[in-house]
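Fit chain B to the supplied structure of chain A, relying on the hints for placement.
The listed protein sequences correspond, in order, to chains A and B. For the first sequence, counting from 1, position 42 maps to 42 in the numbering used here; every step adds exactly one. For the second sequence, counting from 1, position 99 maps to 99 in the numbering used here; every step adds exactly one.
Worth flagging that the hints you see were computed from the coordinates, not collected in a lab. Don't take each hint at face value.
To be verified - Listed next, the stretches of chain A that the computed footprint assigns to chain B, with coverage defined by at least 3 CB atoms under 8 Å from CB atoms of chain B: (1) 49-55; (2) 94-102; (3) 110-121.
On a predicted model such as this, the values are computed, not experimentally measured, just so you know. Where is the CB? At the ideal position from N, CA and C, for every residue including glycine.
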Amino acid sequence: MNREGEKNTLKAAIKPLKTGVWAALFAVLAAVCVFAIVWMNAGTGTVAEIVRDGEVIRRIDLSRVTAKETFTVGDGEGGYNVIEVEPGRIRVLDADCPDRVCVRTGWLSKSRIPILCVPHRLMIRITDADGAADAVAY
Amino acid sequence: MRRSRPNETLKRTVQNGLLVFVLSFLLCLFSGCAAGLFGGTAGQTETERTVYAMDTYLTVRAYGDASDNTSEAILDRVLDDALKEVEALEKKLSVTIETSEIAKANATGSAALSTVTAELLTRALELCEETDGALDITVYPLVRAWGFTTGETRVPGEEEIRELLPYVDYRRVALGYSVTLEDGMAIDLGSVAKGFACDKMARRLKDVTGSALIDFGGNICAIGAKPDGSDWRIGVRSPEGNDLLGVLSVRDRFVVTSGGYERCFTDADGNLRWHIIDPKTGYPARNGLLSVTVVGTKGIRCDALSTALFVMGTEKAIGFWREKGDFGMILVTDDGRLLVTPDLAKTFTADKNAPYAQETIREAE
Numbered sequence: 001m002n003r004e005g006e007k008n009t010l011k012a013a014i015k016p017l018k019t020g021v022w023a024a025l026f027a028v029l030a031a032v033c034v035f036a037i038v039w040m041n042a043g044t045g046t047v048a049e050i051v052r053d054g055e056v057i058r059r060i061d062l063s064r065v066t067a068k069e070t071f072t073v074g075d076g077e078g079g080y081n082v083i084e085v086e087p088g089r090i091r092v093l094d095a096d097c098p099d100r101v102c103v104r105t106g107w108l109s110k111s112r113i114p115i116l117c118v119p120h121r122l123m124i125r126i127t128d129a130d131g132a133a134d135a136v137a138y
Numbered sequence: 001m002r003r004s005r006p007n008e009t010l011k012r013t014v015q016n017g018l019l020v021f022v023l024s025f026l027l028c029l030f031s032g033c034a035a036g037l038f039g040g041t042a043g044q045t046e047t048e049r050t051v052y053a054m055d056t057y058l059t060v061r062a063y064g065d066a067s068d069n070t071s072e073a074i075l076d077r078v079l080d081d082a083l084k085e086v087e088a089l090e091k092k093l094s095v096t097i098e099t100s101e102i103a104k105a106n107a108t109g110s111a112a113l114s115t116v117t118a119e120l121l122t123r124a125l126e127l128c129e130e131t132d133g134a135l136d137i138t139v140y141p142l143v144r145a146w147g148f149t150t151g152e153t154r155v156p157g158e159e160e161i162r163e164l165l166p167y168v169d170y171r172r173v174a175l176g177y178s179v180t181l182e183d184g185m186a187i188d189l190g191s192v193a194k195g196f197a198c199d200k201m202a203r204r205l206k207d208v209t210g211s212a213l214i215d216f217g218g219n220i221c222a223i224g225a226k227p228d229g230s231d232w233r234i235g236v237r238s239p240e241g242n243d244l245l246g247v248l249s250v251r252d253r254f255v256v257t258s259g260g261y262e263r264c265f266t267d268a269d270g271n272l273r274w275h276i277i278d279p280k281t282g283y284p285a286r287n288g289l290l291s292v293t294v295v296g297t298k299g300i301r302c303d304a305l306s307t308a309l310f311v312m313g314t315e316k317a318i319g320f321w322r323e324k325g326d327f328g329m330i331l332v333t334d335d336g337r338l339l340v341t342p343d344l345a346k347t348f349t350a351d352k353n354a355p356y357a358q359e360t361i362r363e364a365e
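In isolation and in its complexed conformation, chain B is listed as follows:
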């Protein structure tokens, strides 16, 4: 090899090299500073909204590409639209907003339905059917009797519960363009509405970003992957205390947990009574479980199943999972076991301090 003027070339190369090195170093520093200041990963914009909806807090975080200056405006608009849709949904479904379709049906026995409410009711009734009534949207009269609707909790008398039980039966909800309920019956879509709303929001967000996170009162919807391309890390709350049971690595999944700890009270005899009522007994469901976490691809299904499996109890929940197999679950039993389905066992990292003995649920008996 021949070089014409090695001295000059080399000198310039070294000079340029050092200059580039220093400049790039400074650039890194500045971009690092910028990322630190704006709380995002370099090259990403973060758009966040927190609103009060459906009796809890809804937070949506969506990430866009910083190099594309239209992306933030688009995300802004999509988030606004998504939240407006949730608000509109709540006005149709809420049991406490008197003008809602569901409140009207509960008060008068019948109500005309909008397309979206009819869609949700159809899906909800299918889930009641699929879970053989472990989920029952007509359990509302009992939830009301226990005072969980107002927060002024009480233990209803045995007689009262016996009188209310005949009004609990999802199969007697007549659904068409309108919904008709028999006298004394009432429906509450609280166990499916948030999941359904997450599905609607997720559909909008997926069109415009590959990275978003919805936290609807602890119902989590992870869209795509984190802005840096890694898996979302979703903690699962321990049913006892304010700690984490562990962390799940997920992409494009819903993670929904139901437990007795959310809304509960201790009665005069010292028994812990929680808001998940067993539709078959009229009493808070005590079938061996402290919490159920369901991981899947449909929000409404995860939401419904987390409640239904909690009501079913350990054995039936495992049987149901073996039969369906289209979701993952984490069960915490009242005898201190942490049961995880095999698919999740690979992505779930139990917290070091969680006082439970972890086991992987077998595919077949």
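If we strip away everything but chain A, and leave its shape as in the complex, we get:
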């Protein structure tokens, strides 16, 4: 039995490591903190994708929107949709489609239920939608 001896050697073993390893550990912890902060901020960012005819025509980080803004997509031949963005949310404000389902759908902020304008083949969806569901049946 040499418990005492083991304790001493343990101390002796740790001592020379102290400066290097503790600094490394501290660096790792700092990195973890930075990573966690970056990751959490990325998590709160809400990116809306405007898809027309199967192609993403515009991507907007709604968390970076600071003021109300409206713009029009389409207008070529297949009709238009006026889209409005505000901090954290997006909607179709006006459209010349016959059913105007897209306008009635209202604001989209974090849900996995997209805004659809079937006559104009337009979809607005949140790419990093809330973790409550992987997909939504509608």
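Then chain B, alone, in the frame of chain A:
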């Protein structure tokens, strides 16, 4: 126990231990970063496609094993093939593509059928039969009269509806190597085509991955489990507002919801008119339900039943479920009740804010 040189051994052990600890920590950090950057779970690859098909958006997400560098290429190819199959299917079935087999049958009264269209029509007619005409693929002339095919909606006159009703009867569709319709009749496979297409895609995907998710305009097909091995969490849309009714935990299931809110308009008298037409009355189905969600193992059946049960109404839908019992359902009634079958009651978590009173449907009366 004897140790030859305890001091040296211990020192080395501690040193190595700390080194391994630090290295593994860094490794975790990097893999975490990588996973965060590429948006997937560590060790998994994600392949996604979004296309416009069958008058809505189709998104397919499939997960592969990152350690197997062939898996991503295989998934890519399988997804391409699956989407090509859907595109080919649409060209055969669409009522708006003039050269499609169905459009030809509607225009001329008869059309030769490819194997796949014959297969779908056979299955569709079986489902019409099984639901006693609550689902009827020949309701198209009425859907057209209400303007839901173009989006230019209107309320047809009573006389007009009375004149069109005799053309609605799935039993008078003559099916063989070709399909023949009586004068004035027309078919639309919109209530089954997406479910059928999901079945076809699912079959391909199941061969190559244990984890994929298909969202075909809100018809959901969850293949296997999530990449991390847990259940898929499928939200069900509330029929009123843009919120969730709740979330279902599923594996290898189709989840299909039909409701009046999808395509509807308010008429001059303030009545809400939706696109699900009752084939027996010619008017939008108003039989006590706001939405129906069907959960099962066959896409075409879930798709067809969600429409059929909506048309049947609360009592008949519950009767149908008691008789068949091979699917789960969630009904939202127009008097604010949320009725859930017992199997789903275990896996369904209602949203805290959903304004409905949840009840579990009893197996027998």
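How the hints compare with the structure:
Coverage of a stretch by a chain is defined here by at least three residues with a beta carbon nearer than 8 Å to that chain's beta carbons; for the segment 49-55 of chain A and chain B the count is 3, and the condition holds. Against chain B, the segment 94-102 of chain A contributes 4 residues with a C-beta closer than 8 Å to a partner C-beta. That satisfies the three-residue criterion, and the hint holds. Counting residues of the segment 110-121 of chain A whose CB falls under 8 Å from any CB of chain B gives 8; the rule of at least 3 is met.
Of the hints listed earlier, there is not a single one the structure fails to meet.
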